[in-house]
Amino acid sequence: MKSPKQVWLWFAGTRVGRSIFRVGLPESNLGRMQAMVSSFLLHLHPAKVHRHSLQFSSTLGLGLISLYLFLLLCITGVALMFFYVPSPEHAYDNMKDLEFVVSAGMIARNMHRWSAHLMVLCVFLHMCRVFYTGGYKPPREFNWVVGVGLFVMTLVLSFTGYLLPWDQLAFWAITVGTNIAGYAPVIGKKIQFLLLGGNIVGESALLRFYVLHVVVLPAAVVFMVALHLWRVRKDGGLSRPGEPDVLVPQSETGRLSTNKTYGLMELARGTSPAVGLDPADELPAWPHLVFREVLLFLATMAVVMFLSVFWNAPLEEFANPAHPPNPAKAPWYFLGLQELVAYSAFWGGVVVPALLLVALVALPYLDRERAGVGVWFARERRVAVTLFTLCVVAAVILTVIGTYFRGPNWGWVWPWAASVVVPH
Amino acid sequence: MNQGHSSPSAPRAPQPGKGDSRRDFIWLTLGWLASLFALGASGFATLRSLVPNVLYEPSRRFKAGRPGDYPDDTATFIEEVRLFIVRKGSTYRAMSAICPHLGCTVNATVGKHPFLCPCHGSHFSPDGAVMSGPSPRGLTWHALSLSKDGRLVVDLDRAVTHDKTLVIQA
Ligand code: HEM
Ligand code: FES
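Read top to bottom, the protein sequences are chains A and B.
Numbered by the working numbering, the letters in the first sequence go through residues 8 to 431 in order.
Numbered by the working numbering, the letters in the second sequence go through residues 3 to 172 in order.
Treat the hints with care, as some may be off.
As the list claims (entries may be wrong) - Simulated DEER-style distance windows between Cβ atoms: (1) A/M88 <-> B/E59: 24 to 30 Å; (2) B/V169 <-> A/L162: 18 to 24 Å; (3) A/Q62 <-> B/E59: 54 to 60 Å; (4) A/W17 <-> B/W34: 55 to 61 Å; (5) A/L394 <-> B/N55: 48 to 54 Å.
Unchecked claim - Quick partial rundown of chain B residues pointing at chain A, CB under 10 Å, derived from the structure: (6) V53; (7) I80; (8) L104; (9) P120; (10) H125; (11) A131; (12) M133.
Unchecked claim - No farther apart than 30 Å at their CA atoms in a straight line, the calculated lysine-lysine pairs in the DSSO-like style are these: (13) B/K150 <-> B/K166; (14) B/K150 <-> A/K197; (15) B/K166 <-> A/K196.
Derived by calculation from the structure, the hints in this document are not laboratory data.
In this text, a Cβ means the ideal position worked out from N, Cα and C, and glycines have one as well.
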């Protein structure tokens, strides 16, 4: 009886095996690094990783989990596309078919829905973790900006996604959402018309949101994620305490010179993981990083599966333009926004979100404190940490109010009071 | 920067640096302008194609039955167009049920404020004025007229002030 490893070694040693993998199963550190750079998927990784970056407590794995969820969303999304026609006549029935007619259809739909919710959550938490560990400080300012773009795209992807079932939630979310766009100064009404492809939420609006959801936005996210991960590497791996103080080495010819290189690695920045550091702090990415990645993927998959087996994705009644449900609530991650627009559509729906976005983008360029990188809640960053926390707490409070304290006609209710049933 | 655009038929004689750089400048400018124009025009055309020229939507001007179909002292809801026809004696008005806040449909209820919006809680008075909530405006009144064959005609593209009523003597 041969062990899987022996079978693998045998196959990797054959002519065919060598043509595919180039190197066999690595036995030495050099071999491990060769494995990393000569494999398409693995070469996205550095050959060596700093110990600090490998620690779970440095990142909580949130960026990777976001990435995995996006991957799951792409796969389950394509599976769903086989059963979905983007037209008001069919869309709702397609959802019913997925539940009652298509084998494993409901699981696919559940996985897609719960992964989407989790992705919004994880991307947000990832942003918080990067903030609280000072991960956006030089040279990583721009990657934070790319991240902000990804955060917005994640939200827009969810938004365009839940229009597609053409149920009550879908219809009223799009009605309210596109009307918010209409409050933008000067071009608001034009944008609204363009988004809907008309004056009413109907056929052309559904088709437009569908194309955005299945092609335009995912393609944009793939591009941005590629840029994001590439930058993580070019910016010298993950931020960590005691990083050598930056950046591009000076040189006459404009070529980058480094005092120590591993021939396998392309070095574009003086802070690449292996430069100027005690190699003792670094471990080969194979197996240390790759193993953790696989483990994290399995964990993500397990959670999504668990949710999808026990909870079905909601589907409200068929869209009815004459009667919104009462109360008509957005999904949880937009309830903070809904609470804001319940005070004023212009201020809560346009001005506040726009200002927040500008503040997020400007943050790494405004915050000049250089200390505290790679440390959670560093004392030197007390002011920044407090301000950011206030924003997060405000967002959470608004969301909780919208979720639990708002009842019929968006009136205040106490969640523990008996629920009021409103006839439509 | 002087390679790349000498024409083969007229080999360029070596010239003093000045003339050369001016020629470069002109070509470069033209090249950039042409490229930007091509990009801009394609971008604009793509965007423009997404602005519909024809709308396959219900007509914004339509007939809404005979005046006698509406009982006195009521607000009748026409679902398909989200509109109330309000009759008081011989006066008729058409009031939109679309909340001016963010476009939900208001409910007609019995109570102090007869029109409530479920989405963010705007309340409206019987003649559509905002009583509370985030709506920046009252409900819209639409132009109402009588056609030759004696039907009410609503024009959703024309808003009127709320003292404009259609008076029909029975
Ligand atoms: C689709 C969404 C996103 C994906 C898939 C993603 C993925 C990743 C991954 C895999 C990492 C490596 C480290 C880690 O796992 O934490 C990372 C790092 C980073 N991310 Fe993201 N990210 C996303 C959104 C964001 C957002 C919203 C921000 C901030 C606004 C952001 C800013 C950063 C920064 C600055 C780093 C480097 C952190 C450091 O060096 O400590 N990312 N991202
Ligand atoms: S849509 Fe009516 S209150 Fe917001």
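Numbers of unmet hints, in rising order: 2, 11, 12 and 14
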